[in-house]
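In this text, residue positions in the sequence shown follow numbering that gives the first Met the number 0: the first is 0, and each later residue adds one.
By construction, these hints were calculated from the structure, which means they are not laboratory data.
Among the clues, some could well be false.
Stated by the list, open to error - The calculated label-pair distances, taken between Cβ atoms and stated as ranges, are:
| id | residue 1 | residue 2 | range |
| --- | --- | --- | --- |
| 1 | R435 | P264 | 32 to 40 Å |
| 2 | I397 | P443 | 45 to 53 Å |
| 3 | V309 | D124 | 31 to 39 Å |
| 4 | K368 | E328 | 42 to 50 Å |
| 5 | D182 | K126 | 14 to 22 Å |
| 6 | K368 | P443 | 21 to 29 Å |
| 7 | T254 | L165 | 46 to 54 Å |
| 8 | A402 | G359 | 23 to 31 Å |
| 9 | G395 | T254 | 36 to 44 Å |
| 10 | A127 | D289 | 29 to 37 Å |
| 11 | S301 | D182 | 24 to 32 Å |
| 12 | K239 | I397 | 39 to 47 Å |
| 13 | R49 | V4 | 14 to 22 Å |
Said to hold, decoys possible - In silico DSBU-like pairs for lysine-lysine, Cα to Cα no more than 30 Å straight-line:
| id | residue 1 | residue 2 |
| --- | --- | --- |
| 14 | K251 | K239 |
| 15 | K12 | K338 |
| 16 | K138 | K126 |
| 17 | K362 | K12 |
| 18 | K126 | K251 |
| 19 | K310 | K322 |
| 20 | K126 | K322 |
| 21 | K338 | K322 |
All values reported here derive from a predicted model rather than from experimental measurement.
Ideal placement from N, C-alpha and C gives every residue a C-beta, glycine not left out.
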Amino acid sequence: MIRLVQQAPDGEKTIAELDARQTFAIGRAAGNDARFTDPAVSSHHIRLDRAGQGWTLADLDSANGTTVNGIPVAGTVALAAPAMIVLGEAVWLRFFDDAVPATAAAMPPPPALLASEADIALVRDMKARTEQIRHEVAKVIVGQADIVEQVLMVLIAGGHGLLVGLPGMAKTTLVATIANVLDMAFRRVQFTPDLMPTDITGTEILENDPDSGQKRFRFIRGPIFTNLLLADEINRTPPKTQAALLEAMQEKSVTVGNQTYTLEPPFFVLATQNPIEQEGTYPLPEAQQDRFMFNLWVDYPSEAEEEQIVKTTTVAAADKPQKVVSRQELLQLQAVVRKIPVSDHVIRYAIRLVRATRPGDEKAPDFIKKYVSNGAGPRAGQFLILAAKARAVLEGRIHVSCADVARAALPVLRHRILSNFAADSEGITPSSLVERLLQSIEQPGEQDY
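Build the full structure now, drawing on both the sequences and the hints.
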């Protein structure tokens with residue numbers, strides 16, 4: 000019997016018995032024979048095909064790649080049992096034949112993702128770098144320390160952010176300043192009701208080939224081909240244009256016609272919304288909001304901060320912010336976040352928080368059952384851990400605590416909790432529900448270690 004088994008920290012689980020199959024597809028999207036919700040897995044990641052008496056594996060242009068026995072897959076390769084298949088450094092699968100013994104040498108356990116000395120040195124240097132980043136951003140942005148930290152967490156974790164705030168809160172200026180400090184190419188798209196998907200992704204034009212004299216199509220890249228894309232007032236454009244961002248946000252690629260174009264890393268989307276002006280807008284569907292790692296609420300500044308804003312913005316321009324982290328270092332930091340180990344009790348705390356948001360869960364608090372119609376999905380737990388890792392890196396640490404998870408809970412969960420009519424009628428917001436959750440869900444004790 001030829002089997003495909005998932006290898007995870009809590010044990011092994013058989014994914015499929017392949018003897019009666021001709022093909023087997025794996026990915027995150029519906030329609031695959033096996034689905035994994037990890038963000039590192041592409042919508043259509045790999046496909047296994049029977050070839051005579053054996054099998055082949057094809058990588059379906061996945062965003063984070065596939066390895067077989069530690070060797071990256073480009074195109075299609077032959078599979079010979081036993082083999083270790085790794086999807087995006089996140090999902091470990093064993094392909095083996097029960098008739099062929101899997102020796103320890105032939106089938107090693109998944110190795111720990113250990114950081115190199117250069118990685119550790121970069122992390123230890125990040126506490127000072129983070130303070131320097133805050134100092135440079137403060138040359139343009141007064142206050143908003145929590146928002147700056149949370150945007151950095153999103154970028155270090157490789158996610159995307161949704162900034163919600165009233166007009167004039169310097170949301171656009173904040174994003175542009177951080178892009179400059181982190182040495183990223185920056186573009187801004189002002190979303191309007193007449194904006195088309197091709198206005199973002201790019202389009203093909205027909206032109207004459209000067210050599211052959213024949214007509215040909217040439218692709219003109221849109222503003223999405225950048226490192227940091229600001230989707231300004233994303234709720235002002237129709238759903239089909241909003242959806243044009245989905246493939247780019249998840250797959251880090253753009254498909255136009257029959258051609259797929261890969262976006263140069265790093266790639267981030269930071270979108271803004273105005274929460275009070277809803278006339279002529281198209282609210283983001285819950286499924287698309289779930290693609291955003293953080294929902295950041297940009298609030299009014301304090302009185303002292305507002306005085307400083309008026310002082311500094313009504314005179315000649317001050318010093319320009321300087322670059323602190325290079326693009327290459329940012330990519331290295333993203334890789335380090337994936338390598339940092341997390342203790343089981345920290346993961347257990349994150350899962351408790353996520354499951355407590357679901358009114359159908361027997362362990363959910365009574366106020367959740369009373370005020371929530373739908374809770375957060377598994378992606379929330381993944382983002383909680385990634386955000387906690389990112390916060391540890393920003394503080395120069397290579398260990399993650401439950402406090403890091405708690406710090407990330409509000410921006411991760413508030414847009415994934417759907418309050419019901421009872422909550423709306425009493426003025427109870429998802430943010431207040433998350434804050435109550437943090438008070439009611441105890442952090443793991445000694446029995447959890």
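Outcome of the hint check:
1. In this structure, R435 and P264 meet the distance hint of 32 to 40 Å, their C-beta atoms being roughly 38 Å apart.
2. For I397 and P443, the hinted distance range of 45 to 53 Å is not satisfied, since their beta carbons lie about 20 Å from each other.
3. A hinted range of 31 to 39 Å holds for the C-beta pair V309 and D124, which are about 36 Å apart.
4. Checking the proposed 42 to 50 Å range against K368 and E328 shows it holds: the Cβ atoms sit about 46 Å from each other.
5. Distance hint for D182 and K126: a CB-CB separation of about 19 Å, consistent with the stated range 14 to 22 Å.
6. Separation of K368 from P443 is about 23 Å and conforms to the stated range, judged on CB atoms against 21 to 29 Å.
7. A beta carbon spacing of about 36 Å between T254 and L165 contradicts the range 46 to 54 Å that was offered as a hint.
8. In this structure the supplied range 23 to 31 Å holds for A402 paired with G359, their Cβ-Cβ distance being about 29 Å.
9. Hint check: G395 to T254, Cβ distance near 40 Å, so the stated range 36 to 44 Å holds.
10. Separated by about 35 Å at the C-beta atoms, A127 and D289 satisfy the suggested range of 29 to 37 Å.
11. The hinted window of 24 to 32 Å between S301 and D182 holds, with their beta carbons roughly 31 Å apart.
12. For the hinted restraint 39 to 47 Å between K239 and I397, the CB-CB distance of approximately 44 Å keeps it satisfied.
13. Here the CB-CB span from R49 to V4 is close to 18 Å, well matched to the stated 14 to 22 Å.
14. Taken as a hint, the K251 and K239 pair is honoured in the structure, with Cα atoms around 18 Å apart against an allowance of 30 Å.
15. About 24 Å separates the Cα atoms of K12 and K338, which keeps this hinted pair within 30 Å; it holds.
16. Simply put, K138 and K126 have alpha-carbon atoms about 19 Å apart, close enough for the 30 Å limit, and the pair holds.
17. For the given pair, K362 sits about 26 Å from K12 by alpha-carbon distance, which is consistent with the 30 Å threshold.
18. The straight-line distance between the Cα atoms of K126 and K251 is roughly 29 Å, inside the 30 Å bound, and the hint therefore holds.
19. A hinted pair counts as satisfied when its Cα atoms are at most 30 Å apart, and K310 with K322 qualifies at roughly 25 Å.
20. For the proposed pair K126 and K322, the alpha carbon gap of about 16 Å is at most 30 Å, so the pair holds.
21. Distance restraint check for K338 and K322: the Cα-Cα separation of roughly 26 Å lies within the 30 Å cut-off, and the hinted pair is therefore satisfied.
In the structure shown, a violation is registered for the earlier hints numbered 2, 7, in ascending order.
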